[in-house]
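Take a look at the letters that make up each chain.
Number of protein chains: 2
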Amino acid sequence: MAPAYKLTYFPVKALAEPIRFLLSYGKIEFEDFRFERENWPEIKPHMPFAYQSIAICRYLAKKVKLAGANDLEDLEIDAIVDTINDLRLKIAVYGYETDEAMKETRKKPLFDETIPYYLERIEAIVKKNNGHLAVGKLTWADFYFVALLDYLNFMIKKNLIADYPNLQVLQKNVLNLPGIKEWVAKRPVTEA
Amino acid sequence: MAPAYKLTYFPVKALAEPIRFLLSYGKIEFEDFRFERENWPEIKPHMPFAYQSIAICRYLAKKVKLAGANDLEDLEIDAIVDTINDLRLKIAVYGYETDEAMKETRKKPLFDETIPYYLERIEAIVKKNNGHLAVGKLTWADFYFVALLDYLNFMIKKNLIADYPNLQVLQKNVLNLPGIKEWVAKRPVTEA
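Protein sequence lines, in the order shown, are assigned to chains A and B.
Residues in the first sequence are numbered consecutively from 1, following the numbering used here.
Residues in the second sequence are numbered consecutively from 1, following the numbering used here.
Mixed in with the good hints, there may be bad ones.
Since the list gives no way to pick out one identical chain from another, each pair is judged satisfied if it fits inside one copy or across any two copies.
[Stated by the list, open to error] In silico DSSO-like pairs for lysine-lysine, Cα to Cα no more than 27 Å straight-line:
#1 K158 with K65
#2 K90 with K181
#3 K157 with K90
#4 K44 with K108
#5 K107 with K128
#6 K63 with K107
#7 K63 with K90
#8 K90 with K107
#9 K44 with K107
#10 K128 with K6
#11 K137 with K103
#12 K127 with K186
#13 K6 with K107
#14 K107 with K65
#15 K108 with K181
#16 K6 with K103
#17 K186 with K90
The hints are simulated quantities; they were obtained by calculation from the structure and are not laboratory data.
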């Protein structure tokens, strides 16, 4: 039987990787369909919108029991996920800048202000939160952050969490989870 | 008794307005605390992060019965809300640009490509979806869009939905809902 889910994305981790983590963790079979960037113009018209990766993660998290236990827990999870996404967008503005002079201008505020602002706060949350990003236990917020890390690191050309020991432990713990460990071992090797 | 919710935000509609719509619709009392922009540096350190407006909307939507009836409906709602938020971010990059030459450069792609790309698709969704943005009925996605409109219009200095009759009907319907109608009549008059 064909897998119930077909994940269509560029041949990278990036925004699809949190979805792949959730499917792998839940032992939900999926077709990992990767198309080449040159075929995107052909595929794009068939997508009403680029489907929303965070919305898909939230949906799958309920299926694999990584959502909150109640509405207030979901609020805490959603808020930190959207915060990580805000950081991702700020990094992307720098990472995708093609004008080298402009990129250089954006560099200092990003590395000296934005990234420490977010990372110090995220580190403190994980420290006081039993090693997790939300509600003191493993949730899809942890998956979202850890699965995005390679992509974020690729954009800034350094390890975002190098100075944050609690985030390093979180990363290690997620990458060692059953399902995730197997997925990471078998996934295609890509930079982003 | 003091209201259970205190909403702290700048003295504008902007990202707080969808939250105010949901509270008003649900007849949930709230303190509408508006601080002046000059006091933000003083308030900011007391906020671990700028709390996430969409996460708050999703939480309140469950309370006032404007969320989906099941996980799949919530996925559809979440996806369109995040799409509207993507459009909002693209408009904001233009709207908040302080370099006039750069702003002029951003203008044509935004008005000729980005906005029509999103609006034509959103209009088509509402048309075939019983006048709503998701799942064929009133949900918090409708509130999110309509409540943001003044803010979006303020950033582009025109009516975003001027050419989209189905979106105009949606706006009219939401603004006529009990709770919303009263809120709009009594809220402070602000540009954004």
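Violating hint indices (sorted, rising)
1, 2, 5, 6, 7, 11, 12, 13, 14, 15, 16 and 17
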